[in-house]
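Student: Order-wise, the sequence lines are chains A and B.
All residue numbers in the first sequence are consecutive under the numbering used here, ending with 458.
All residue numbers in the second sequence are consecutive under the numbering used here, ending with 432.
These aren't lab readings, by the way, just hints derived from the structure by calculation.
Note that the coordinates shown come from a computational prediction; the quantities given were computed from them, not determined experimentally.
Glycine included, every Cβ here is placed at the ideal spot set by N, Cα and C.
Treat the hints loosely; a few may be bogus.
[To be verified] Just a sample of chain B residues kept apart from chain A, beta carbon distances all over 12 Å, derived:
#1 Arg54
#2 Lys64
#3 Pro217
#4 Lys223
#5 Ala236
#6 Val237
#7 Ala343
#8 Ser381
#9 Asp385
#10 Asp399
#11 Glu407
[Said to hold, decoys possible] Pairs of lysine to aspartate or glutamate residues, derived as EDC-like cross-links and limited to a Cα-Cα distance of at most 16 Å, are as follows:
#12 B/Lys91 with A/Glu207
#13 A/Lys288 with B/Asp262
#14 A/Lys419 with B/Glu86
#15 A/Lys419 with B/Glu104
#16 B/Lys356 with B/Asp338
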Amino acid sequence: MTDVSVAVKPRAATIKPKGGGHRSTQRSRREARAAYLFLAPWFIGLLVITVGPIFASLYLSFTDYSLLEEAKWVGFDNYVTMFTEDPRFISSLKVTTIYVVVSVPMQLAFALALALVLDRGLRGLSFYRSIFYLPSLLGGSVAIAILWRKVFGADGLVNAVLAIFGIQGPGWVGDPDTALGTLILLHVWTFGAPMIIFLAGLRQIPSSYYEAAAVDGAGPLRQFKSITLPLLTPIIFFNLVLEIIKSFQSFTQAFIVSNGKGGPADSTLFYTLYLYLEGFKNYDMGYAAAMAWVLLVIIAALTGVNFLASKYWVFYGDTK
Amino acid sequence: MSSGKKMWSAALLATAVLAVTAACGSGSGGGGQSADGKIKLRFSYWGSDARQKMTEEAIKKFEAKNPTIDVEGEFSDWASYYETLATKVAANDAPDVITIEIRGLREYADRGTLADLASKVNTADIDSKVLGTGAIDGKQFAIPTGVNAFSLMVNPGLVESSKAKLPDDTKWTWDDYVKLSSQITEGSGGKVTGTQLSWNPAYLQIYAAQKGEPFYNGNKLGMSPQTIKDWWAVMQNLIKTKGAPDAAKSSEIGATSIDQSLLGTNTGAMGMWWSNQLGAASKASGQELDLLRMPKVEGATTGGMFLQPAMFYSASSKTEHAAEAAKFIDFMINDPEAGAIILSDRGLPASSKVLAAVKDKLPDADKKTLEFIDKVKSELADPPPAPPKGSSAMEDILTRYSEEVMFGRMTPDDAVQKFITEANASIAG
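Excised from the complex, chain B in its bound form:
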């Protein structure tokens, strides 16, 4: 402690540092202009590193065409995307352009977070029914980036090496599916399992549609308890006949990504995913994979499959740069140059013009998906509207009760009543 002066100056320095850091904290929030007079546009999205690279490239292209706008990508992984987004919205710090998917759409739109984009973005080249999924009460809150179909993926090589035959997918039933699965397990001596279970609500939605029932009816579930129980019975039969792994292993692999799925590791011959996952599954497996139509309920008049946007672009209702945000979305949706970079990363491009322009550049797996979707197009049901607020919890609720049934901890009757009660409470508004 030599002199008081020295100490004072040190203390002052400490305060100064604190003041500066505090200033940093309050300065970075909100949109506005960057130092060089450019308009700063914040754009949030989720995904893999590969997607980030593509997106940054597309952003650069946009900035080259619009030198007054500086787009700043805010990127996170899928698991924490909505948490980050909700926190930013809560802090009045919402990004100007927000990527969102269909389950989150009403959560945000119904709470006044999103702006109406009608007539601000050119949507002439997007199928009107697909476009409609981004609209709520006549307001176009979100523009679809590209489409997907929930379908059955199969590894034909493994089916054949297991002494089974690929089905005629135009007329196969759920019984056929169970039989084929157990044949594969048996024929391969257990090395390859027929299929793996899925608790994706899209799967149940397709199954219910085959019975003529909608998944949602307004703010309630539209399915009968019997339909849900019949659907569980398919999975129970799969486990019973060893067409799928037992309940414990199923729940374990259900929690992993497609790379670690049975299909992805060549230890299973089938599985159900969104069609844009075919690329990832093929890459993980290293073998030739195909898409098949979903099996049908005996005597069903419709296959129940449908197209759904992989994701949407939307704009914050609080943005100070609505025009620039719309311009950026328009570029990402309609500009063939953006399309040539992004390709099918955000689903097969929703804009028919962009799709036609990039068709030949698509990776093989996506060409296959495109071919498949073209083939089944005439059989598809209309894309369903955005599910009600609270539906983001649906997959978890469905998984939970499905597992209770598979583990035999609840009877299907008991579980279906509890499932319907909890699901309805969650989406009641």
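Pulled out of the complex, with its shape left as it was, chain A reads as follows:
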């Protein structure tokens, strides 16, 4: 509802001075009604397609529901089973955590480094920007995941290159020790979206700061540490929160690279992949719904912690 009032009010405010008095209030009210009407399709969609299923899944998470039969109420059983009797749940949590903890910082560091290079005012900047952004558009796609399987296969491109140097590479996607690594690499490779945001952030920093620092004799490293980094912390924070949420929900890459199984030996069993397998392959939709809610709690808690911690390292120029 807040969205609605925000959308309507400014319009009414701008119109008011033009007309005058009574007529325009009536008119603005009419326009507000019209606005609600136009918003109705979206709003009904939100209720039916998003809010409804959210509550339905909350209910289902307390049931034993096979999809084929009526749901049976089982209280907290699903949640208890998850943490006490299901080693695969714990291992999927581990796999996902490793994935997030390793790939997000790597991806952000990479994105920031490239943004700094591009910010130097290279010739054909927009060309490079588009090129580097491309993987972000493609990275989540099925085609790239299939390509990844080929590139990192036992007879894939990577091993063909290694063979030139006389190294016999392992089957990267087939080996439980390296399979997750290939997925992390795939994630890092999609650095384009945070890079664009970093670039925009870098543009916001007034060049007078750098000029002043240069006059005082600060080198590029010092400038980066004392000007760029602190002024960029809000952007880093934004990217961090966004990427953590996104990578906890990763699904497609693992689904395709492991052929929908999370293998080899559960080494790429992402949380959402396991959720999907339980719901649709093992006929346990109640359990899958419970997993979805646990994931929501995990992500919400992490985001909360992130926001609390941000007080200590994020620097907003205007609040000082």
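Since the structure of chain A is already known, use the hints to place chain B on it.
Tutor: The following block gives chain B in isolation, referenced to the frame of chain A:
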């Protein structure tokens, strides 16, 4: 913003559009009659584009014979078939005629989704033991379309060019199989690998039967831990002697389809699949492939191989057109005209009459399969009953623990205990 009127009419239009689309959403569900008064019958199945074409052709033939029925095929690929089906059932929108395979049979039948077809479809020409696999507690929930045998496929040309000899498959042992595989790898200088690993439960089932143990015993596994460990040892030996690719590559190719298998790409000489895959494998390889009996455990009295329906037709228990659904299934199973279109696409036809009628029209690979099955028929074990509910996860569970063992991340002792615990929990009901 010229006039309020214009805006109102635009808004009304938007609402109208919404209302119409909403009406569409609720109108298409359920069976019932189509606009021209015909009875609409929905039929779900999975498969390749080629299968879809054949099926559509068969449906047309059926509709020509039954002008009051309009059959609508609902087709999806195999990977997403059960998801789609389960979602439709959950939405009270189950198709009238449902194609199902043996692992899904009890998942659906035990949950009351399927109707008893006994005496509604003519099953006189189907081998009673094969027919029995579609029955649960005396109710004929599913009618087998055709049969398959899990067997060993071999490329004789590659075996010979690797300076090895085809085995006498009537009396070869698992040791012979491992030896032959490593000979092929060695003899070809590594260009051709002997065989590739398989974690298909059917393979373990055959191996266990040779030791006199059933795969399932009611709602539990019927095999001893030793049998499973011995079975893993065969694969460990294959990897050790280079008769099969290392664990990482094995797991990689295990995830691909038969077209990309070693046998299909002529980089391997053997492999194990269901016999109806021979056509696909031959096509991918472009070379002459053959079927062999599975090797045996030393001193085994039975080969353990068995026939299993490739798939079944079943009807929804909620269908409003039970009679028409049965009629359509009967047509697909018993009518030689349907058989002439479908041929061996759904396994070698289960109906002996249809099989006899289409025998000569079968593609070469299937003629070979038929010949092979006729040859080994007397040695085959009885077709096993439908596995318990929860068994659709068996292949994944087995693959997972087998890979743990092959990668040396778990000892066979440890893995076998965990495998049995998890498998039993999955099929407990």
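Student: Holds or violated: A/Lys288 with B/Asp262, Cα cutoff 16 Å?
Tutor: Between A/Lys288 and B/Asp262 the Cα gap is close to 15 Å, so the pair holds against 16 Å.
Student: Are all beta-carbon distances from B/Lys223 to chain A longer than 12 Å?
Tutor: holds (18 Å)
Student: Can we trust that B/Asp399 is non-interface, i.e. its beta-carbon lies farther than 12 Å from all of chain A?
Tutor: Non-interface label fails for B/Asp399: nearest chain A Cβ at 6 Å, not farther than 12 Å.
Student: Closest CB-CB distance from B/Val237 to chain A, is it above 12 Å?
Tutor: holds (19 Å)
Student: Is it the case that B/Lys64 keeps its Cβ farther than 12 Å from each residue Cβ in chain A?
Tutor: B/Lys64 clear of chain A: closest Cβ-Cβ about 32 Å, beyond 12 Å.
Student: If you draw a straight line from the CA of B/Lys356 to the CA of B/Asp338, is it 16 Å or shorter?
Tutor: holds (9 Å)
Student: Checking a non-interface call: every C-beta of chain A should be farther than 12 Å from the C-beta of B/Ala343. Is that right?
Tutor: Check passes; 35 Å lies beyond 12 Å.
Student: Are A/Lys419 and B/Glu86 close enough, with their CA atoms no more than 16 Å apart?
Tutor: Answer holds: A/Lys419 to B/Glu86 is near 7 Å, not above 16 Å.
Student: Beyond 12 Å from chain A, beta-carbon-wise, is B/Glu407?
Tutor: Violated: least Cβ distance 5 Å, not greater than 12 Å.
Student: Please check whether the beta-carbon of B/Asp385 is more than 12 Å away from every beta-carbon in chain A.
Tutor: Answer for B/Asp385: holds, closest chain A Cβ roughly 28 Å.
Student: Would B/Ser381 pass as off the interface with chain A, using Cβ distances and a cut of 12 Å?
Tutor: holds (38 Å)
Student: Take a quick look at whether B/Lys91 and A/Glu207 sit within 16 Å of each other, Cα to Cα.
Tutor: Cα-Cα ~12 Å, so holds.
In the structure shown, a violation is registered for the earlier hints numbered 10, 11, in ascending order.
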